[in-house]
Amino acid sequence: MKKLEQITTILLILAFMVRITIKDYFFVTSLIFYAFPWIVLCFGSILLFIINYKKRKKRILWLISTFILCFFWIGNSYVKNKSSLNHNHKSEDHEHEHEGHHHDHILEDYEVVFWNAFRKNNVEDAIQEIGNIPDLLVLLEYDENNKKPFSALKKQYPNHHLHLIKERFAVLSKHSIKNIKFHELVDEAVLLEFQTLIQGSYFQVYVTDVSSSVTKFRKPSIEAVFNRIKKEGKTILMGDFNTPYESVHFDAYKEQFEHTFSAKGNGFRETWIWNFPLLSLDHIWTSKDIELESVEKINTWKSDHNFIKFYIHK
Numbered sequence: 233m234k235k236l237e238q239i240t241t242i243l244l245i246l247a248f249m250v251r252i253t254i255k256d257y258f259f260v261t262s263l264i265f266y267a268f269p270w271i272v273l274c275f276g277s278i279l280l281f282i283i284n285y286k287k288r289k290k291r292i293l294w295l296i297s298t299f300i301l302c303f304f305w306i307g308n309s310y311v312k313n314k315s316s317l318n319h320n321h322k323s324e325d326h327e328h329e330h331e332g333h334h335h336d337h338i339l340e341d342y343e344v345v346f347w348n349a350f351r352k353n354n355v356e357d358a359i360q361e362i363g364n365i366p367d368l369l370v371l372l373e374y375d376e377n378n379k380k381p382f383s384a385l386k387k388q389y390p391n392h393h394l395h396l397i398k399e400r401f402a403v404l405s406k407h408s409i410k411n412i413k414f415h416e417l418v419d420e421a422v423l424l425e426f427q428t429l430i431q432g433s434y435f436q437v438y439v440t441d442v443s444s445s446v447t448k449f450r451k452p453s454i455e456a457v458f459n460r461i462k463k464e465g466k467t468i469l470m471g472d473f474n475t476p477y478e479s480v481h482f483d484a485y486k487e488q489f490e491h492t493f494s495a496k497g498n499g500f501r502e503t504w505i506w507n508f509p510l511l512s513l514d515h516i517w518t519s520k521d522i523e524l525e526s527v528e529k530i531n532t533w534k535s536d537h538n539f540i541k542f543y544i545h546k
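The opening residue of the sequence shown carries number 233 in the working numbering; numbering runs sequentially from there.
Calculated from the structure, these hints are not laboratory results.
Do not take every clue at face value.
[What the hints assert, rightly or not] In silico EDC-like pairs for lysine to aspartate or glutamate, Cα to Cα no more than 16 Å straight-line:
{"#": "1", "residue 1": "K413", "residue 2": "E425"}
{"#": "2", "residue 1": "K486", "residue 2": "D536"}
{"#": "3", "residue 1": "K451", "residue 2": "E425"}
{"#": "4", "residue 1": "K448", "residue 2": "E425"}
{"#": "5", "residue 1": "K520", "residue 2": "E487"}
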């Protein structure tokens with residue numbers, strides 16, 4: 233038990249110092265930064281409190297430590313915003329009633345949903361989970377077992393634009409999609425780009441998937457994505473960055489773009505793992521000329537990642 237206490241104490245202090253100073257600036261510190269998010273430090277402090285429960289001074293010390301670490305955790309992870317939940321958006325029933333008769337001249341809040349599909353889910357699974365067909369649905373790590381042929385799915389949604397790119401990304405849109413391009417970046421990171429019609433204007437949309445390998449430093453991939461994308465004028469960037477929001481490598485993103493959940497979401501920012509708020513790996517960034525209405529995180533047991541849904545103001 234003494235050995236466990238010593239190791240836990242050393243790791244806790246080291247991880248705390250990394251998180252409040254250099255974070256993931258270097259590859260070595262990034263391993264500590266990703267392995268010990270604030271919530272893990274809270275549990276580590278609770279463990280030390282339990283180990284030292286019979287030692288009054290140490291018990292008080294680790295109790296205070298737990299409160300401080302939980303304060304850091306809540307302060308960095310929990311988001312509170314005022315946002316409207318009364319979206320001017322057609323219900324699924326209304327959509328089916330008018331299937332094939334789009335009323336594009338009526339401006340409504342535009343709904344976008346992003347999801348890491350865990351390599352075993354398809355478009356149909358996503359729609360069942362969220363309960364409606366959004367204006368734009370983007371999936372990455374698409375169903376690799378092809379449990380329902382993509383051709384059958386296209387027939388199932390005849391009035392939508394449905395694309396499967398590199399057997400990895402799936403895009404379902406109520407409006408036209410053009411200029412689809414796929415880029416292989418550094419360290420197995422990839423980037424999909426396309427344009428889609430949103431409320432009468434073409435928006436530039438990017439979707440990225442950054443490697444989750446612990447042997448790969450995130451900085452080159454995050455920078456490669458940033459350097460490839462358009463920085464202004466109706467731009468949306470979404471993806472599984474496998475990098476938490478607090479990363480120093482997102483500093484340039486935060487200057488140029490709006491992080492949708494931080495700006496309009498409510499609750500814990502983390503999207504992984506299995507509905508437990510451990511790490512914020514999935515992000516949606518929008519150019520600052522896009523007016524966000526609200527952002528929601530949707531829990532699911534079909535993937536280890538949550539859905540992220542946001543609305544663009546009409």
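Going through the hints against the structure:
| no. | hint | in the structure |
| --- | --- | --- |
| 1 | K413 / E425 | 5 Å, holds |
| 2 | K486 / D536 | 26 Å, violated |
| 3 | K451 / E425 | 21 Å, violated |
| 4 | K448 / E425 | 24 Å, violated |
| 5 | K520 / E487 | 10 Å, holds |
The earlier numbered hints that this structure contradicts are 2, 3, 4.
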